[in-house]
Amino acid sequence: MKKIIELKNIRKSYDDTVVLDNINLDIYDNEFITLLGPSGCGKTTTLRLIGGFETADSGDIIFMGENINDVPPYKRNVNTVFQRYALFPHLNVFENVAFSLREKKRPEAEIQEKVTEMLSMVALSGFEKRSVNSLSGGQQQRVAIARALINQPKVLLLDEPLAALDLKLRKDMQQELKKIQKATGITFVFVTHDQEEALSMSDTVVVMSEGRIQQIGTPVDIYNEPENAFVADFIGESNILDGVMMQDKRVLFSGHVFDCLDSGFGRREQVDVVVRPEDVDIVPVERGMLCGVVTSVTFLGVHYEIIVDINGFKWMIQTTDFCDVDEHIGLYIEPDAIHVMKKSEYSGMYGDYSSFSNELDELSDAEMEPEE
Amino acid sequence: MNKKSNSLVQRITLLPYSVWATLFILVPLAFVAYYAFTDSDFNFTMDNVMRFFTATSMVDDGETVREVHTYLLIFGRSLKLAVISTAICLVMGYPLAYIMARSKDRTQKIMVTLIMIPMWMNFLIRTYAWMTILQDTGILNGILGMLGLGKLSIIGTEAAVVIGMVYDYFPYMVVPIYSVMAKMDVRLLEAARDLGCPGISVLRRVVWPLSLPGVISGITMVLIPSVSTFYISQKLGNGKFYLIGDAIEGQYVANNLHFAAAIAFILMVILLVCMALMRKLANRKLIVA
Amino acid sequence: MKKFSKIYTALIMLFLFAPILILLVFSFNEGKSLSVFSGFSLNWYVELFKDAETLGAVRNTLVLAFSASIISTIMGTAAAVGINKLRNKYLRATMDTVTNIPMINPDIITGISLMLMFVFVGRLFGAATSLSFVTMLIAHITFCLPYVILQVLPKLQQMDKALPEAAMDLGCTPLRAFFKVELPEILPGIVTGMIMAFTLSLDDFVISYFTSGNGFQTLPIRIYNMTKKTVTPKMYALATIIFFVILALLIISNIIESSDEATAKPTKERKKASRHSKIIAGSLGGILVAGMLGVLIFNSGKTQVLNVYNWGEYISDGSEDSLDTIKAFEEYCFENYGMKVKVNYSTFASNEDMFAKLSSGAVSFDVVIPSDYMIARMRDNDMLLPLDFSNIPNYQYINENFHGLYYDPDDLYTVPYTYGIIGVMYNANVVDEADVGSWDLLWNEKYKGDILQFNNSRDAFGTAMYKLGLDVNDPDHAVWDRALEELKEQYPLVKSYVMDEIFNMMESGEAAAAAYYAGDYFTIMDNQAENVDLRFYYPEPTNYFVDAMCIPSCCQNKELAEIFINFMLSPEPAIANAEYIYYACPNSLVYENEGYIEDMGEEAMEILYPELGNFKELYNHYAYRSLSEETLNYVTSLWETLKIN
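Residue numbers (this note's numbering), protein chains in the order written: chain A, 1 to 372; chain B, 373 to 661; chain C, 662 to 1306.
Treat the hints as calculated values from the structure; they're not laboratory data. For glycine and all other residues, C-beta sits at the position ideal for the given N, C-alpha and C. It is possible that some hints are incorrect.
Okay, the calculated beta carbon distance ranges per label pair [said to hold, decoys possible]:
1) D557(B) <-> V18(A): 32 to 42 angstroms
2) P1070(C) <-> G517(B): 52 to 62 angstroms
3) Q480(B) <-> D15(A): 40 to 50 angstroms
4) M518(B) <-> A1089(C): 22 to 32 angstroms
Chain C is faced by these chain B residues, among others (derived, beta-carbon under 8 angstroms) [stated by the list, open to error]:
5) T442
6) L486
7) R498
8) Q507
9) T509
10) P597
11) Y614
12) G617
13) N628
14) L629
Okay, derived cross-link-like pairs now, EDC-like style, lysine to aspartate or glutamate, Cα gap no bigger than 20 angstroms in a straight line [unchecked claim]:
15) K750(C) <-> D16(A)
16) K746(C) <-> D16(A)
17) K1109(C) <-> E530(B)
18) K555(B) <-> D821(C)
19) K816(C) <-> D557(B)
20) K1109(C) <-> E435(B)
21) K841(C) <-> E103(A)
22) K664(C) <-> D477(B)
23) K841(C) <-> E95(A)
24) K1149(C) <-> D432(B)
25) K667(C) <-> D477(B)
26) K555(B) <-> E846(C)
27) K1149(C) <-> E439(B)
28) K750(C) <-> D15(A)
29) K841(C) <-> E108(A)
30) K1149(C) <-> E435(B)
31) K652(B) <-> D757(C)
32) K1109(C) <-> D508(B)
33) K746(C) <-> D15(A)
34) K663(C) <-> D477(B)
35) K105(A) <-> E117(A)
36) K129(A) <-> E110(A)
37) K1107(C) <-> D508(B)
38) K1109(C) <-> D432(B)
39) K663(C) <-> E562(B)
Taking the hints into account, I'd like the entire structure generated from these sequences.
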């Protein structure tokens, strides 16, 4: 695969706040890559650097082998779908889409043809003369995509494009975006704080936090093999426990030594252990590797989410079996359900499930103040 | 925005204005100070400024003869009339702004234009027309006479000067308050009602504090021109209300540029301090309220 | 509640529009009075369109307002864009503060500060005049700028910041992105800002008053300078026309808007938007062109320019079928000398006002027409040039009595224009004949609240000093203190201190006794209300004054100035001016002219032209003379003392 964009040792700060700290990232041709992270992690800034709306303090941006540090946005073969679409309110749908062609002074016939083609691709034929303000959120979204794609850019940058849509529409648009990407063969660089969105759409996911890249990988890798506690916590639900590596493929946590598949750690090395809630089996107490008391049960449709107190640590377990509150249960964990990670600065920051407040805070943050 | 082009754009767009503001706003003020503290040969002197604070004259109010500080008295009188006018503008204008903000869009537009229209007539002519209305044999007394209500003697009184000021500066009070109120979220009022606030209380606890920024700029925009006017007092005050503006103009005409500058300088300093204090106070109130 | 709102709104509107209604009604007044309605007539509208000076002032006002609003809009918009991008907190705060200064500074201070700077800089560079159209324009732009910025800035802040980025993303350079995307977004703010700037510039008097210069006078200044004479209903007619033009514009724009709203279905949005922007662009363009044209007209041609500085309403201006003196002079020059001459005619409100402007170097004029004592002061300050009388052959018609008067003992500098005597007029229906005859009438307790006094220190002190038999030119403070005592005594009796207001007040019977310049008595008498019966007498002693034409040392075209002076003495303009001003004229071509004598009538001739036998003696004894700076300052402070009573 061909590298289309390379970010090399990018650093960026506003005033005294470091926003990007030594970012290195390769983006390949025809790839759907997602920058994922909580608000303030630097993902939008990264996108804006590629778009040309920000300049890095140091480091290089290479586009198809050429350094584009000083190339202004209007000369970059990159287009952007903005967070709240940034459609031009004084122009109608047709003129919004035709904007860049008009800017290039293309002949009228070509403009007509291309705009019509783009609008039919995003299923908005017949909306040409409509004011953009009269469109629904989803329709505005499609106009924004059509407008950005009409130039056939090498790379399309999408900055939280689905954040303003409701859940159902968001799912549809995810499908559609994926389809468009496949059809056009354009590289999509997608920014989101929604891990589900990231996992379902991307070829590659880049998890960012505090201006640094935490992990780059396929959605499956990221989910199954998180590199540190931050990634484990941010992607999906996880029980993160302090553990000690007894030897290769043997790890101690919660007072029990488990078999696992991980190796290559030092002897008695302190580690973080991740166990996904859906990977824990509920068994009678006597057969359980660990035992605990159920403290809460929530019905979520496809499964139950139960919280189990094991020696004071609250585990989350997703199961289709029903348990009652205060019931004593045993837990059984297969070796391949255990993932061992090196200790990192994030160790110990993500506690147990005694409350959801942290997560709630983060969710509401993301909604209230979208990143700059 | 790209940082480099950003700063370039900033430089290009801000440069003309920065140069202009320096040359024609800041430097002229420095000249006021320069003239205020120099004599006619441009040697430094405190005399002009001191004269403002120390000049005295004898006032005979029929019974007793008192010695008063001429310019302090003039300034006090100007301030008094300006404060009264501003208060009246506020009391008259606030309900109107509220009514406007709550009417239909079209009505709002029409009312704003109606309020602005008199400003397109020259203010000297408007003031002249008020003379015709207010003088003893004027229109107002004509109407009152026809109604058998007797006569009012308004022209030449403080009331006439205040009417002139209120009339001329009324739009400056209404428009800022209105524009703040028009932007006010109706849901806030509903929320206040929902929380058990009766009508008057909604006004006092929600509308008023939220409209304070508009009120402040309204007060500023009325108080300042009325404290410094010199035409209204000449025409409607029968030449008997000598205000600080008249003093500046009088000294200018008498060719005492340096003393005129001194009065202007002191007026400016007092007003700037007042405005700063008012804004501070209002800010604090805004947060508490 | 609804009803209350409606009534309340109606009352306020009544308050706002009452004066406008008044001026509308009085613009149709047959008579000249602004307080006595004597019949319907369109006369003043006809007069207005004949009055080249007033129309010129209207044009100047519009040119100034257009230029100032356009320039301040462009600069202010750019500034708003820049300020909006400022990230540095302190810089931003500084910009905000500076922007606020012209708004929270009283306009009198803005005016004075600019005037001081212009004059100082002008002096530094030795410029003949420091004030001009340009300085006035600068002043107007300066006070308009903050309003534009404060209208545009919020629009920029509300705008989605991604819009310009989106445009750049799609291939626009930052500049094109601004014009194609940002500008349409903030256009409403820009238009509002521009309209505000235009309105403010149109309405401004105070700042213009301090910064106006040669030959470029706006309407407010012209009106203000009518202070010695009267504001005519012409001005009301003008205001009425302005009112209806604005009303029409507003109605038209409202109709366009509402028809747009009615027809604008979603599919027509684009059309509507383009139409709107076309209307806006069109009007912007129109305004720009009009402004440019105006400035061009103002500056056009290689004609010779003559700057004349005179009292307001002190020349025959073509109204009421009189001669348009200025135009006649321009034609005269063309016919007799083949010169294209443009007269910049400006007016002042008082001798002191004129002197302040001239001596500060703020303005320069070729001909000025001040009063005697001011001429003496100018002469003492070397501000006058000796005349070349070979260019002024008509000087021979000036009555001998006006040669060698104290202010110009060797007849070097001046040619008398008018002269007069201060007398007392009274309403015989109120005042007992037994009480008239002397200055005492103005101090008579019986007429408390019916007495008018001059609203200028020299004349007011004069009345008291003549009454007391004091020398009006005595430098001794004690003498002035004594006069002040007299004025203080009079203060409770005085209804009003007046200049031009005397016309209304005497005509309508608002006041019963006043001292004023003899000629004006007839203007007032012509307009007196039915229940008013005005009479006139000269108290003894009283003030004799001469207003004379002279050439200040800043003159740029002395020969043309002399031609002008000579022209003013020739029969047609001289008679026209004498009839227009109603003051006595020292020119024998005038006072011996039978047509003139007939026009004036016997009574007027008697009062205006009393025996000239011992005029010179009386004049040299009683006329005002130039007082020293020190005495003047003292009198000014005494005057302030009187006024704060």
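Tested hints:
1. Judged by the Cβ atoms, the range 32 to 42 angstroms given for D557(B) and V18(A) holds: they are separated by roughly 38 angstroms.
2. In this structure, P1070(C) and G517(B) meet the distance hint of 52 to 62 angstroms, their C-beta atoms being roughly 57 angstroms apart.
3. In this structure the hint that Q480(B) and D15(A) lie 40 to 50 angstroms apart at CB holds, the actual value being about 42 angstroms.
4. A hinted range of 22 to 32 angstroms for the beta carbons of M518(B) and A1089(C) is consistent with their spacing of about 27 angstroms.
5. Because the beta carbon of T442(B) sits about 6 angstroms from the nearest beta carbon in chain C, less than 8 angstroms, this interface hint is met.
6. The criterion of a C-beta within 8 angstroms of any C-beta in chain C is met by L486(B), whose closest approach is roughly 6 angstroms, and the hint holds.
7. Hint on R498(B) holds. Least Cβ distance to chain C is approximately 5 angstroms, under the 8 angstroms limit.
8. With 8 angstroms as the threshold, the beta carbon of Q507(B) comes within range of chain C, its nearest partner Cβ sitting at about 5 angstroms, so the hint holds.
9. Annotation: interface hint on T509(B) holds; nearest CB of chain C at approximately 5 angstroms, less than 8 angstroms.
10. With its C-beta approaching chain C no nearer than about 6 angstroms, P597(B) sits inside the 8 angstroms limit, and its interface hint holds.
11. Given hint, Y614(B) at the interface with chain C, holds; its Cβ is 3 angstroms from that chain's nearest Cβ, closer than 8 angstroms.
12. Below 8 angstroms, beta-carbon pairs count as interface contacts, and G617(B) has one with chain C at about 5 angstroms; its hint therefore holds.
13. Restraint check, N628(B) versus chain C: the minimum CB separation of about 7 angstroms is within 8 angstroms; hint holds.
14. The interface hint given for L629(B) holds, since its Cβ lies 7 angstroms from the closest Cβ of chain C, which is under the 8 angstroms cut-off.
15. At most 20 angstroms may separate the alpha-carbon atoms for a hinted pair to count; K750(C) and D16(A) meet this at roughly 14 angstroms.
16. Proposed proximity of K746(C) and D16(A) is supported: the alpha carbons are some 19 angstroms apart, at most 20 angstroms.
17. Annotation: proposed proximity of K1109(C) to E530(B) holds, straight-line Cα distance about 19 angstroms (limit 20 angstroms).
18. Pair hint K555(B) plus D821(C) holds up; C-alpha atoms about 18 angstroms apart against a cutoff of 20 angstroms.
19. This hinted pair checks out: K816(C) and D557(B) have alpha carbons roughly 18 angstroms apart, not beyond 20 angstroms.
20. Between the alpha carbons of K1109(C) and E435(B) the distance comes to roughly 18 angstroms, so the proposed pair stays at or under 20 angstroms and holds.
21. For the hint pairing K841(C) with E103(A), the CA-to-CA distance comes to about 10 angstroms; that is within 20 angstroms, so the pair holds.
22. For the given pair, K664(C) sits about 19 angstroms from D477(B) by alpha-carbon distance, which is consistent with the 20 angstroms threshold.
23. Taking the CA atoms of K841(C) and E95(A), the gap is about 12 angstroms. The hint holds against a cut of 20 angstroms.
24. For the suggested pair K1149(C) and D432(B), the alpha carbons sit about 8 angstroms apart, so the restraint of at most 20 angstroms is met.
25. Under the criterion of a C-alpha separation no larger than 20 angstroms, the hint pairing K667(C) with D477(B) is consistent with the structure, at around 16 angstroms.
26. Using a Cα cut-off of 20 angstroms, the hinted pair K555(B) and E846(C) holds, with the two alpha carbons roughly 19 angstroms apart.
27. For the given pair, K1149(C) sits about 14 angstroms from E439(B) by alpha-carbon distance, which is consistent with the 20 angstroms threshold.
28. Between K750(C) and D15(A), the direct Cα distance comes to roughly 11 angstroms. Compliance with the 20 angstroms bound is thereby established for this hinted pair.
29. Proposed proximity of K841(C) and E108(A) is supported: the alpha carbons are some 19 angstroms apart, at most 20 angstroms.
30. Restraint check for K1149(C) and E435(B): satisfied, since their Cα atoms lie roughly 13 angstroms apart, inside the 20 angstroms limit.
31. As the CA atoms of K652(B) and D757(C) are separated by approximately 16 angstroms, the hinted pair is consistent with the 20 angstroms bound.
32. With a C-alpha separation of about 14 angstroms, the suggested pairing of K1109(C) with D508(B) holds against the 20 angstroms cut-off.
33. For a cut-off of 20 angstroms, the pair hint linking K746(C) to D15(A) stands: about 15 angstroms separates their Cα positions.
34. Only pairs whose Cα atoms come within 20 angstroms are accepted, and K663(C) paired with D477(B) is accepted, the gap being roughly 16 angstroms.
35. With a C-alpha separation of about 18 angstroms, the suggested pair K105(A) and E117(A) falls inside the 20 angstroms cut-off, and the hint holds.
36. The straight-line distance between the Cα atoms of K129(A) and E110(A) is roughly 18 angstroms, inside the 20 angstroms bound, and the hint therefore holds.
37. About 18 angstroms separates the Cα atoms of K1107(C) and D508(B), which keeps this hinted pair within 20 angstroms; it holds.
38. A threshold of 20 angstroms between alpha carbons decides the hint, and for K1109(C) with D432(B) the separation of about 17 angstroms falls inside it, so the pair holds.
39. For the hint linking K663(C) to E562(B), the alpha-carbon distance of about 19 angstroms falls within 20 angstroms, and the restraint holds.
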